[in-house]
Amino acid sequence: MFTSIVMVVATGREAELAAAAAIDLDGAFPAIVERYGRVVYSTARRLSVQAVDAEDLAAEAFARAYAAMRAQPAERTAALRLRPWLITITLNLWRNQLRDASRRPVTAPLAAVNDPPAPGADPAERREGDPRLVCALSQLPEAQRVAVILRHVVGLRTSEVADALSCPAGTAKSHVFRGLAALRAALVEAREGTS
Amino acid sequence: MNPSGPLARRDMTAALRALGVEPPSGFTERVLDRVGLGATADRYVMVDGPVGPLYVAFNARGICHVVTAGVVGDEPGGFEERHRARFGRGTRPAGTPPTGLDAALRSGRSHQLAYDLGGLTGFERAVLRKALDIPAGECRPYAWVAHQIGRPRAVRAVGSALGRNPVPVLIPCHRVVRSDGRIGEYALGPELKARLLEAEGVDLEATAALARAGARYLGSDTTHVYCFPTCRTARRIGPAHQVRFRGSAEAEAAGYRPCRNCQPAKWGA
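In the order they appear, the protein sequences are chains H and Y. In terms of the working numbering, the first sequence is residues 1 to 195. In terms of the working numbering, the second sequence is residues 1 to 269.
Pulled out of the complex, with its shape left as it was, chain Y reads as follows:
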């Protein structure tokens, strides 16, 4: 042993070399996740949506992020940055879209797709799952969503949750509108919400006019069923048989029963 002990140069440099340290376990995997190469990495495709191109990101659990190209621009870097900003992980292009996406975009039926809504609260997931129940071409009020998920007083929270929808267009938060006939908020902008609804065949003018006239529900005097005006059942009511109601109390007092498709709730006016 060198009489100078740890102060001899060779021992010192050896002691310094011994200060090298392995990274903690799992380090490599965490780095790979950070750049989007991890085992559960998000991948994305660009597809044609109902009102323009969409970026759709997905992983093994399902579709996790949708953004219109108009919002992030045509360069993929814009979407990748936005994805990383929102989720804290990278994403990279995929060769093929997730199963069922093309069919869903063509048909407007996206209920059956797999979604990865991890990172959302239970309430937010319940709101979005309920929005998935709204068929293409139909609208429901925010308060309807709140009532359907058992939180009738949480109308504003429903609006906020819809505003945070990470997969708009596919989870149709655009089909949730205000009871007063105004179109309401939309994370990707109210103009886009209007275009999406019109692309699905919603007559926004007629819907707004009915709301302004106080006609919350339409009924058929042949079936004695009452519906939201955009319900497919309501749209089949001939003008001669159409009855208007201000609220469910009025409809039920007249002997009408709620439509099973659109489930107008026993709340409010």
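Next comes chain H alone, as it looks inside the complex:
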């Protein structure tokens, strides 16, 4: 019950911001960055390995969103579901970056891009939640990792996760389910490994 009230309120504010952006983009955009900064940055941070790359990714996602809203008709902006839209932009940018990185000759091993950091290695990370969970999450296969991040770190609905992944809702659900199971297994292993 509480959850659905929160979602109605969120949708109300989201619709307000979209409508405001349709009328005066430059006026509304700072409020959009304030409101969705956490969600976009969290997505980027959990997808990317390094905090500095995450900030760049998140900032670029907002820049693309701004350019898109500038270019498209006002009615389309007013109808935007801002939160899933911004996250989809972030996800697509992240995928493009990975693809570009894999095409360029690498000076550092490509494995460094996808390898999880040693838990607790980055001081900034220690403030960011259970390091073993972060590590286990970063080791999931991509589809499951993205699905779990969008569904549970960021809090999108399953239908929104499916949109972002361009897959049917059932597939999105199963990615989340398998991702959670894999995380559990990894944490059991980690716990038993240290005991």
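You may find that some hints are simply not true.
[To be verified] Using C-beta positions, here's what the derived DEER-type ranges look like:
(1) 121/Y x 185/H: 55 to 61 Å
(2) 70/H x 195/Y: 32 to 38 Å
(3) 194/Y x 27/H: 27 to 33 Å
(4) 30/H x 11/Y: 35 to 41 Å
(5) 133/Y x 102/H: 52 to 58 Å
(6) 96/Y x 53/H: 39 to 45 Å
[Stated by the list, open to error] Only some residues are given here: those of chain H computed to face chain Y with a beta carbon under 8 Å:
(7) 42
(8) 55
(9) 153
It is worth saying that the hints were derived from the structure and are not from the lab. In this text the structure is predicted, and so the values were computed from the model without any measurement. Just so you know, even glycine gets a beta-carbon here, dropped at the ideal spot from N, CA and C.
Please arrange chain Y on chain H, whose structure you already have, making use of the hints.
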């Protein structure tokens, strides 16, 4: 506490939710800067310049970027892209031009405008500030600029710095020419440089002819002052009183003194 600990679904999803993280401080401002909405954002206007329309970008510190419409086309997107490519920040249209711009374009006197030359080296700023000293309708050689800023051997570097001028037309790098009478380089193309000089009343043919004849300076046999040929003082010398010199050594040996306006330097030939 659930006996499965962190593995229970509710605890797991709560732990995942706790992995959400606030962006670093200043994130919003950096995003706004990136799209040109930050507090110190660049804005731009399109104005009529001496040889065609100009895009002029400026911020609270001053004018930072000038491009001729011919180079980027009439669509503002072209200028905005070029601005972002050069400065790494956005810009958007302004309602009014910066103070003094219209008057400067009409009079050709742009010395008094505020400029934002941040991002340039100290040397580059010195070169451009010296170019600002050159009055409309007059020219100076690259070597003159180098000598005036205390770097007499840095003539090529002066040329490069002028080539990187982010605010051409207003900072008149077009008034810096070669000593041999050839017009020299220009970031926006030598044809535009020639048109700008002609629009200011420089007689390019006569100037080139003098240079080819080896007449680096003109003097007046009434005042015994010697000048660069385009100096306003030199232009007032009547043909009957005009004397030509190959260099400052020759002029000074003949008892002439350097003009205070154009300051021909004691260097070179």
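Checklist entry - Which numbered conditions among the earlier hints are violated in the structure presented, ordered from lowest to highest? => result Result: hint 3 breaks, nothing else.
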